[in-house]
Structure formats: structure tokens, C-alpha cells
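Starting from the known structure of chain A, fit chains B and C onto it as the hints suggest.
Chains as they are written, first to last, in our numbering: chain A, 198 to 481; chain B, 6 to 453; chain C, 2 to 322.
Misleading hints may appear alongside valid ones.
Dumping the calculated EDC-like pairs for lysine to aspartate or glutamate here, alpha-carbon to alpha-carbon at most 16 Å [to be verified]: (1) Lys163(B) to Asp382(B); (2) Lys178(C) to Glu168(C); (3) Lys270(A) to Glu77(B); (4) Lys349(B) to Glu122(B); (5) Lys316(B) to Glu292(B); (6) Lys316(B) to Asp389(B); (7) Lys468(A) to Glu131(C); (8) Lys393(B) to Asp352(B); (9) Lys387(B) to Glu77(B); (10) Lys301(B) to Glu160(C); (11) Lys220(B) to Asp197(B); (12) Lys301(B) to Asp197(B); (13) Lys178(C) to Asp284(B); (14) Lys301(B) to Asp322(B); (15) Lys261(B) to Glu444(B); (16) Lys319(B) to Glu444(A); (17) Lys319(B) to Glu295(B); (18) Lys378(A) to Asp37(C).
Among the chain B residues that face chain A by a calculated CB cut under 8 Å, a handful are [said to hold, decoys possible]: (19) Ile96; (20) Leu100; (21) Ser101.
Think of the hints as simulated: they come from the structure by calculation, not from any bench. Each residue gets a CB set at the ideal place from its N, CA and C atoms; glycine is no exception.
What follows is each chain in one-letter form.
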Amino acid sequence: MTQTTRAKPFSLQNLFSRFAIYAVLIAFALYFLMPIYVLVITALKPYADVSVARMWELPQGLYFESFVVAWSKVAPNFRNSILITVPAAIISSFIGSINGYIFSKWRFRGSNILFLLFLVGMFLPYQGVLIPMVLTLRSVGLYGKVVGLIFIHCVFGIPITALMFRSYYQGIPDELVDAGKIDGCGFFGIYRYILLPIAAPAFAVVLLWQFTSIWNDFIIGLVVLSNPTLAPVTVAVQNLTGSFTTEWNVQMAAALIAALPTIVVYLALGKLFMRGLLAGSVKG
Amino acid sequence: MKNLSRRQLLKFGAIGGAGLALAACTPPPAAAPAAPAAPAATAASGAAAAPAASAGGKLEIFSWWTVGGEVEGLNAMFDVYKAKYPGVEIINAALSGGAGQGGNMKALLETRMLGGEPPDSFQVHLGQELTASHVVAGRMEDLSDLYQSEGWNTVFPKGIIELASYQGKPYSVPVNIHRSNVLWYNKTQMADVGVDKAPATWDDWFVYADKLKAKGIAALAVAGADPNFSAHVFENILVATIGPENYLGLFNGKTKWDDPAVKTAMETLLRAHTYAQPDYTSVAWGEINEVLSSGKASTMVMGDWTHGALKSMKFTDYHWAPSPGTSGVFVALSDSFGLPKGVKNRDNVVNWLKVCGSREGQDAFNPLKGSIPARSDPDLTKYDDYLKETIEAFKTNTIVGSIQHGAAAKQSFVNDYDAVINTLVSGKDVAASMTQLVEAANAAEFGA
Amino acid sequence: MDSTWKVESIFLSMAIGQTSLPATVHRVRKPRINRDMLLAILVITPSIIAVAVFIYSFIAWTFWISTVNWNTSVIDYTFVGLKNWTRMLSSSRFQIDLRNLALYAGGFMLQCIVIGFLLASLLDQRIKGESVFRTIFIFPFAISAVVTGVAWRWLMRPETGINLLFESVGLGFLRSKWFADPTWGILFITIAASWQFSGYVMALYLAGLRGISNEIKEAAQIDGCNSWNLHRHIIIPMVAPVTLTAIVLTGMASIRVFDIVTVMSGSGQAFSTDMFAFHMFEQMFTASRFSLSAVIGAFMIILSAFLLVPYLISVRRESEQ
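If we strip away everything but chain A, and leave its shape as in the complex, we get (with noise of 0.2 Å):
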């Protein structure tokens, strides 16, 4: 089958349609942009200079006090924030990538009703279920712990990584387990030699969605390690915003240094990310 789609003949109206594609899609791109631009370049001024009325205007100069200002504010919150998502992004990854895989591969009976409960779980809204949260992870004493924070990420992770792992694997065809049963592969053999090493661009979409939405997280952190000493960076940053102070740069300086995290995850992972993302449809 020819391409037919690429041999358009060049007209002027084809190029004036490419161009109003463009001009568009950099619309947009300023409009996505501009939050950001706000944030930074409000971080990047003096006290003095920041001033509501001149709020588009670039800084005179780059100062990088404020920076400095909110990352001694929030660094033991950051550092708080890395010892609890690290962990908990590679450790509900993994979680999900087993139970991911037993949805898939090895349905039982009642496996697809427990799937859909496991769905519809995940749909709790935590901030009405605190209380029972700290009663219950008392109980079996992991309140007030980074361990019990763990652990509850990777519990409220249970649904969505086993989701994400399960449509992943779908899309890997049963002939091949199939095919490992045969060669004597048990249940933890195919796991560990058929469906991990392919996994890659399933592991990137969980661990960076993880990662986030931990990252992000600020009232289950901070409920359940009970010590605002201990809770994650975006309760710092919280303090800060939501005080009755109007030190604007130091706010939005604070809050660029909670958001690069994630960003720079993305960054990095952005190509495996959106391989995963498409690997449920397209198929080779």
C-alpha cells in the first residue's frame, strides 16, 4: 500500500495549513509555559522588585538569595521527602509489577471481581479517613514512623500499579508464557525471566508516577509521621505560602525547588515514559 498520506502536492494552502498548525501548537506552548515563567522569574528577583504591579517585567538582574532563602527553609523537608519517595517508588513498583502479573497471567476464579474491587479502591478520599489511618497504623505500631509512611504509599499504590502492570502485560501474548511453562518455568520463573526483563517501559511509567504522586502527597505524609519536623517538602512548602507574609520570591522560589524533582524525573524518563504509555495500543 502506498503512502499516499506524505504525497500531498506542496500548494500554498498546504503550507499556509502547516503554518497555522504551528502557530497553534506554539500558542499553546507559550500558554503551558507561562505559569512557569511567572514562577521563575518572580524567584529570581529581589524583595524590592517584586512587585504585583510589574509582575511580567524580567528581573533586573539574576539573584538567587531567594533560592538560597527557601532552600534552608525546606532542605530538611527535602530530605525528608527523598527518604520516603525513593523507597516507596521502587517498592510499590515492584509490588505492582507481581500483582500485575498474577492478574494477567494466572487468572483464578474471582480474579477479575478482585481486580475490579482493587479499582475501585482506589478511588477512597483519604483526607475523610485520617482518623482510622492513625488508629489503625497504631496498632500495629508503625505510626509516626518513615516506615509506616512507606508502607502506606505502597498500600494506596496497590491498585494503580497492578492496573498499570496488568494492561502492560496484556499486550504480551500468552504463547510466550505458554512457551516458558513448557521449558519448566514455574510461577516465579516467568516472571523473572520472561515478563521482567521486557518490563522497562512499564517500570518507568510506574516509578515516575509514583515517584510524583508521593512527592506531591503532603497531608498523608504529614498525619502519619505526626512530627511536622518529619513530613515532606511540600508541607514546607505550605508553610511558607499560606503564610500572612508576602515574600513572594522566596514563595515561588520554594516552590520551584519542591517541583524539580519530579520534573527532572520526567525529564530523564520522558522517552520510556511515553513508550509505555503507547505500548498499550500500538501494537508492532
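Same frame as chain A, now just chains B and C:
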């Protein structure tokens, strides 16, 4: 579908490693955390607590004092404490979103109290905010003995001890007193319209406001984005129209909330709002001082933390007076600390309360915070002109509790009250709002 | 919007990837009860227990508390049936919340789907620098709702921000009160929320569009279809699963929205920007009305079930084709 290439593995490793290295390099939290940093199960966290009072141990203080003069004041009190009890490690668990704001701090406090792991001591507004919550539920210790041994029964004013008490026993120690009913005004603008002193009644204020309006100046600074701001203004109008005796009666059933004076107060509030600065509905409470300091509005009815805020903004062209119609009345609110039952470091907390109620502690805290001490024997040299005046007023004025700041009524009523004022200011339907307010009062069972 | 649900959304969407093209037929295998199967069940059991305890028992707790008389600081488990329900559902603030939810959900859904589809269609045209554009459009997704709220709050201040921009280019008449508008304030918050999420919907649509084989498009063009008809009769119906997913996800997010509203405007005047989660939080931690707050929580769960269950049934049915 490719394998996890070496390159990608390295990327993961690099990111993870960089993250952990960064975490290792950044300073650890100010105090050693109760929980271990590494994800390994530990022995009971109670093992960290040291036994004897004079020896050491920890002291975890919850508050919502996270910025500015508040933090400085708190740290000053910590210094006083540390000088007396050097072995104790103070954990400053300050978090925004405190009592009236219903945010993070309140959520954390509630989950800990209900979860059976109370903080050693926590900041709370003196009065019903504490009494109707944790005192009534039996979660706070009675401080009668401490009041006796520290001599507070003679040095705290009676009105304050009453606010602190439930069934005759005090449950918290007030550190400071703020005044709710203050009118802040721009001096230059007042001179510009030929007025030489602050309006004494609301009628006078409206005359003044019209003069300002003729000059194109907005008379009232309003933070419309936070409806609780107007609720604060309303309580002071209420005191003015109904008088302090009847105001007190509102909370013990002696005065009815459908009193015509309450209706008048609502009408006055609405009328005052017609003199608000343009775009006032988008201004948040945290931004209101700028409105005053930039001259966008000329007067403001707000608590006296405004003084500290304006000073820190280097604004000086202002002065103060009691909110119109409330001369001789002191609408008070206070920050206090109590002793929850079952705390881990009880002796340390008792010592903390002693510092809170001591002359030294209060004189260290209040000048920085911008409030006056609860004690009647402060070292006046430490306080500026506004505070000196206020200390005097506090001695002689009739003291009533603020609604908005948790003194006069329990928090659920304040919540309802805020909702009523919220609706009143935007809907402008006084009759409907009166009905709602009476409903809220019935739900609160005043005087029951 | 809340961070936790974002993760969920991406993976729900992956499920649709399986349903948009039934390229792989999954034969339902009759499981052999053997050692491996038992091992599988054993391995998944801890997860089942965890979900049962930490999610379902909490849901049950919420419903139970909504039927008792615990509306003060003093814990009280006296059963009162539906008293709290009638009180809460008839309260004016609750009804305003419902209205706000409808507005928010509608505005949020519409923007995300329209912008997402538009951007995906454009990017599908073999654009130079497609990955750069894609990155720019998606990366707000990685930013927390708090930071988003802070930035957009700043942008929507009436005396500056976007209004200032409008004025400086002569479009002063477009000045607005934004989220301080007493009637439509809630819609302006959806602008900030959709800024954060449209990129993700775009990625979904892109995946869906890429799944439409070129043969179909070419065949339509040979048949004389112009671009508009092509979209209307072929492309849009074929990405219907994506649209359905987007509707469900944005609906879910709308029911549970909390962070962004809290940071930008709180309840607003006359509760014009009040939303369920915020209301629930306030009832619980400010007013100590635990049972009333639980009513809101339970209501949110019921709403979510209404939205989710039909969707799940349809996904399940399709995956068993």
C-alpha cells in the same frame, strides 16, 4: 519492547543515587526525629525518651507560629526555657494552618489527640476553642495546682482565668493577649480630610468615610477573599451595638441572638462594606496590610497583630484607636498552652508551662510577637508605645472574648458564624442571615 | 488536583489501550489448580489483605461514622440512622457544593478533552520537534497541585497577572475577577486545573490516534472525504474509548479536588468555590463534626462508584471479547 538497556539502568541509578546523596548532604531536621530515617524497623520509639525532669529528654511544642515575629517570640521563650533546663531537647513542631484556619496544623493535632499520641504541648486559643474540644472530652489535665503554686491566680486578670477555666478549673496557661477591636487609620489621609481624631462611634465613622469618599479614597480595607476577615469586623460591630454586657449574655443564654441590636450590627456591617476598596473580593487576609500601607484604603478594623505587621513593612503613617463604639471594652483573644493527658515528657511540659506563665517568659515573647502579656506585672520598658497603651487599657477595660478567635464560643459555632457572615456579605440579605445565625446559636446550645 | 489520583488515571487509561483495538484476543484459560496457581494466590494475598484493611475497612468506617452521633470533640458512637444525612444533604452549603461540582466537572472535562484532542491531532501531523512540544504540554502533570495553585493564584490576581497582560495588549475589556467572581469563580479554577492535566489527556489521544491505522485514513480520503468529515465520522468515533476514559478520569478528579482549591481560593465568598473535599476537611478538623463530615465522604464515594462502575463493566466486557 526493548530490554532495560544499560544506559537506562545507569540513568535510574544515577537519579536514585543523586537523590540519596543529596538527602545525605542536606542538613537533617532541626531536631533528631522520633522515627529513624532509614527504612528499618526500630525498637519502640519510647526508648529515646530520657527519664528525669532535670536530666533531659524531649519537649515537643506544636504551634502555628511559622513566620516573622511569631517565630522570634517563640524562640525567645525557648531560650528562656533552655537557660533553665539545658538538658532538654526542644522540638519546634510549628506548622501553618492552625486553629481557626482549619488547615494542616489542626488536622495533625486532631489526629494525634484522637489517635492517643498527644503532642507534649500545643498552642491553642484561650477559651472555648480548647474547652469545648479537648477539655470536655477529658483529654487535658487540670492545672489548678500549677496556678496555685505559680501564683497565677493573683497575677492573671480574673476575666482571663475565667476564659481558661471549665467548671472552675483552669486548663491552659495564656502567654499573650491580643486585642481584636482596634481601628487602624492612615494619619495623613485623616489630616487631608480635615479630621483630627479617630471616629468614636460608627455614625462618626460613616461621616468620616463619606469625607474620604469625596476625596476618592476608600474608607475600609477589606480582605474579601477570606470571608472570616469580615467575621472579625462583625464581632466588633456587634460589641459596639449590643454593648459588652449583652454581648457576654449571648454566650450564656441571657441574650437572644435575634435581638434587634444584632440585626442593626449586620446592617452596619453591610453599610461599612460599601466603603471597601475596589476589587476587595480578591484580596486575601495575608495581603490586607499592603492595602493599608499603600494607601488604597484608609482605615481597617483588625486585631493588633496588625501593628507588628505594619512595623515590619516599615510603614509608619498610621495610628490606632478602639474600634468605633467599643471604647472601654477589650475584646480579647489569647494564645495559650496546656497539658494533655498521657504525654511522654510530662515534667518537661510542666516546666514549659511555668516558663509560659512567668514574667521572664512573657516579657521575652510578647515584645517580639507584638502582643501584651497576660500577666499584670510586665516590665514596661520592653514594650513599645502601642503595647504600653494597650497594657493600660487591659487593666481597666471590660474584658470580653473574641468570637472569631476561639475565646467566646466553641469552634463549631465559629464555623457556622463564619458561614453566616460569608453569606451576609455576598448575599446582603439581613433577614435570611439573621435566621441562619439564630439557627447556628441554637445548634451551639448557649447557656444549656 | 490531588496527586494520588493522577497515578491512577494514567493506568486506567492504559486499560483502554487494550480495548481500542482488539488486536490480541485473550482466550480465557481454564486455570489448572497446581502448585504455581496456589503460589500466585499466596503471593497476592498480602495485597488483598492490605487493600481490605486499609481501603475497604476505611470506607466502611466512613459509612458507619456517618450514621452515629459524633459531632463534637467527645467521641460518641450512638446510632442515629440517617439523621446526619438529612441534615447535611439539606444544608445550603452542601447544595452549593453540588452546583460547584457540576460546574467544575463540566468545565474541567470540556477543557481537557477539547485541548487534549486538539493538541494531539496537531501533533499527529508529523511535526518537527514533536517530542519537545509533547514534553512542554505534559510536564505540568508532574507539578503538584499546590505549586500549580500558587502560580495560577498569582496570575489571576485582578490588579496584575493576566489582567495586566490583557491591558498591555489592548484587550482590557477581557479583565476579569477570575476566581473571586462570586458566581463563576469555580470555572476559573478549572483553567488552572486543566492547564495541569490537558497534556496528559493529549498523550492519551495521541496514543489513540496513532492506533488508527493509516489505511483507514487513506481509504477515506480516496473516497473523497474531506478533513472535517474524516474527523467526524471516523476519527472521533474511533477514539471514543479515550474520550470515555478522559470523562471518567476528569470526573473522578473533580469529585475529589482539594489541594488546588485550598491554595487558590478556599471556600470563597458565599462558598462560590467550596468543594466537597474541602468542606469535609473543615467539618472534621475545624468544627469537629465528625459524623457530618463522614456523610460528605460517604457521598463522595457513592458518586465515584456511579461514575466508575459502569465504566469498569464496559472495560471488562470488552477485554473478554
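We went through each hint and held it up to the structure:
no.: 1; hint: Lys163(B) to Asp382(B); in the structure: holds, 14 Å
no.: 2; hint: Lys178(C) to Glu168(C); in the structure: holds, 14 Å
no.: 3; hint: Lys270(A) to Glu77(B); in the structure: holds, 15 Å
no.: 4; hint: Lys349(B) to Glu122(B); in the structure: holds, 9 Å
no.: 5; hint: Lys316(B) to Glu292(B); in the structure: holds, 15 Å
no.: 6; hint: Lys316(B) to Asp389(B); in the structure: holds, 11 Å
no.: 7; hint: Lys468(A) to Glu131(C); in the structure: holds, 12 Å
no.: 8; hint: Lys393(B) to Asp352(B); in the structure: violated, 34 Å
no.: 9; hint: Lys387(B) to Glu77(B); in the structure: holds, 15 Å
no.: 10; hint: Lys301(B) to Glu160(C); in the structure: holds, 12 Å
no.: 11; hint: Lys220(B) to Asp197(B); in the structure: holds, 9 Å
no.: 12; hint: Lys301(B) to Asp197(B); in the structure: holds, 15 Å
no.: 13; hint: Lys178(C) to Asp284(B); in the structure: holds, 8 Å
no.: 14; hint: Lys301(B) to Asp322(B); in the structure: holds, 13 Å
no.: 15; hint: Lys261(B) to Glu444(B); in the structure: holds, 11 Å
no.: 16; hint: Lys319(B) to Glu444(A); in the structure: holds, 14 Å
no.: 17; hint: Lys319(B) to Glu295(B); in the structure: holds, 11 Å
no.: 18; hint: Lys378(A) to Asp37(C); in the structure: holds, 10 Å
no.: 19; hint: Ile96; in the structure: holds, 6 Å
no.: 20; hint: Leu100; in the structure: holds, 4 Å
no.: 21; hint: Ser101; in the structure: holds, 4 Å
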